[in-house]
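Given the sequences, and given the hints that come with them, work out the whole structure.
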Amino acid sequence: MKTKLALALFIFSSAFALAQTTVDDILERVVDSQRGGETSHMVIEMQVSRPEGDKVYVMESVSDGDKRGLTKVLEPSKDAGQAFLQDGESLYIYNPRLKRVLRMPPSRGNESFLGSDLNYNDITGRDLEENYEAEITAEDDNTVELTLIPGELAPTPYGKVVLVADKQNNYAPLTYTFFDQRGDAVRQMRFSDYQQVGELYMPTHFEIENLLKTGEMTVINFKDLRFGVDVNEACFSQTALERGCD
Numbered sequence: 006m007k008t009k010l011a012l013a014l015f016i017f018s019s020a021f022a023l024a025q026t027t028v029d030d031i032l033e034r035v036v037d038s039q040r041g042g043e044t045s046h047m048v049i050e051m052q053v054s055r056p057e058g059d060k061v062y063v064m065e066s067v068s069d070g071d072k073r074g075l076t077k078v079l080e081p082s083k084d085a086g087q088a089f090l091q092d093g094e095s096l097y098i099y100n101p102r103l104k105r106v107l108r109m110p111p112s113r114g115n116e117s118f119l120g121s122d123l124n125y126n127d128i129t130g131r132d133l134e135e136n137y138e139a140e141i142t143a144e145d146d147n148t149v150e151l152t153l154i155p156g157e158l159a160p161t162p163y164g165k166v167v168l169v170a171d172k173q174n175n176y177a178p179l180t181y182t183f184f185d186q187r188g189d190a191v192r193q194m195r196f197s198d199y200q201q202v203g204e205l206y207m208p209t210h211f212e213i214e215n216l217l218k219t220g221e222m223t224v225i226n227f228k229d230l231r232f233g234v235d236v237n238e239a240c241f242s243q244t245a246l247e248r249g250c251d
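The C-terminal residue of the sequence shown carries number 251 in this note's numbering, and the numbering is unbroken.
Hints listed in this document are in silico derivations from the structure and should not be mistaken for laboratory results.
Treat each hint with caution, since some may be false.
As the list claims (entries may be wrong) - Computed cross-link-like contacts, DSS-like style, restricted to lysine-lysine with a CA-CA straight-line distance of at most 30 Å: (1) Lys228 with Lys83; (2) Lys228 with Lys60; (3) Lys228 with Lys104; (4) Lys60 with Lys77; (5) Lys228 with Lys218; (6) Lys72 with Lys104; (7) Lys228 with Lys77; (8) Lys104 with Lys60; (9) Lys165 with Lys72; (10) Lys104 with Lys83; (11) Lys218 with Lys104.
Set out below in structure tokens:
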């Protein structure tokens, strides 16, 4: 009898906890999944495809798993040395030709990153949590769909973002679809090849497609991932943009 009662209480408590998962909780887990939630070191390969040809970047990145990260361009040689530092909500860019560190203002967050279909808001990652109001618009046993509407003063050109997450894998992201102010889909991000990091499922393959221009797409792969590594605090300083932090 006691065993049956304990089992019933466990099932009830599990169902209750699941019911208490709010929209904000889901959105937070989706965004956290893109970071892995732990310190990390990785190599990033980014292929930018255009009708006239492809361009491939190789970058090295370290992160604290939350709001700080340093990314440096290794290839191609003419772009090598460019570096990007996320420090909380701020993003700093180092231009090796000018030998200057510039702070990216929020108003420029939707500008293209290295000429790709990725923008600077995608890199900082918290734009969806801070500038949008979310609601659940569809759900089944395996997935949940959130529709995000930007706040009145949000610095974004989008009228809404529709996000689909995998419920079975702690709300790992599956797709983001971005719509303009007229309600037309203009850009889509697709995620796959997940690596489990603690309770999170981090996608290591991204496809970002321009839905308005045929043949324009960016594909990103995370390689040589190492989690839980010791990361020098100096990596998250502006000095590291130029000099590195090893």
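Hints, one by one, checked against the model:
For the suggested pair Lys228 and Lys83, the alpha carbons sit about 22 Å apart, so the restraint of at most 30 Å is met. Only pairs whose Cα atoms come within 30 Å are accepted, and Lys228 paired with Lys60 is accepted, the gap being roughly 18 Å. Among the hinted pairs, Lys228 with Lys104 is consistent with the structure: their alpha-carbon atoms are about 29 Å apart, no more than 30 Å. With a C-alpha separation of about 17 Å, the suggested pair Lys60 and Lys77 falls inside the 30 Å cut-off, and the hint holds.
Only pairs whose Cα atoms come within 30 Å are accepted, and Lys228 paired with Lys218 is accepted, the gap being roughly 29 Å. Between the alpha carbons of Lys72 and Lys104 the distance comes to roughly 25 Å, so the proposed pair stays at or under 30 Å and holds. The straight-line distance between the Cα atoms of Lys228 and Lys77 is roughly 15 Å, inside the 30 Å bound, and the hint therefore holds. Distance hint between Lys104 and Lys60 is fulfilled; the C-alpha atoms sit about 24 Å from each other, no more than 30 Å.
For the hint pairing Lys165 with Lys72, the CA-to-CA distance comes to about 24 Å; that is within 30 Å, so the pair holds. With a C-alpha separation of about 15 Å, the suggested pairing of Lys104 with Lys83 holds against the 30 Å cut-off. For the proposed pair Lys218 and Lys104, the alpha carbon gap of about 35 Å is over 30 Å, so the pair is violated.
Hint violations for this structure: number 11 only, all remaining hints satisfied.
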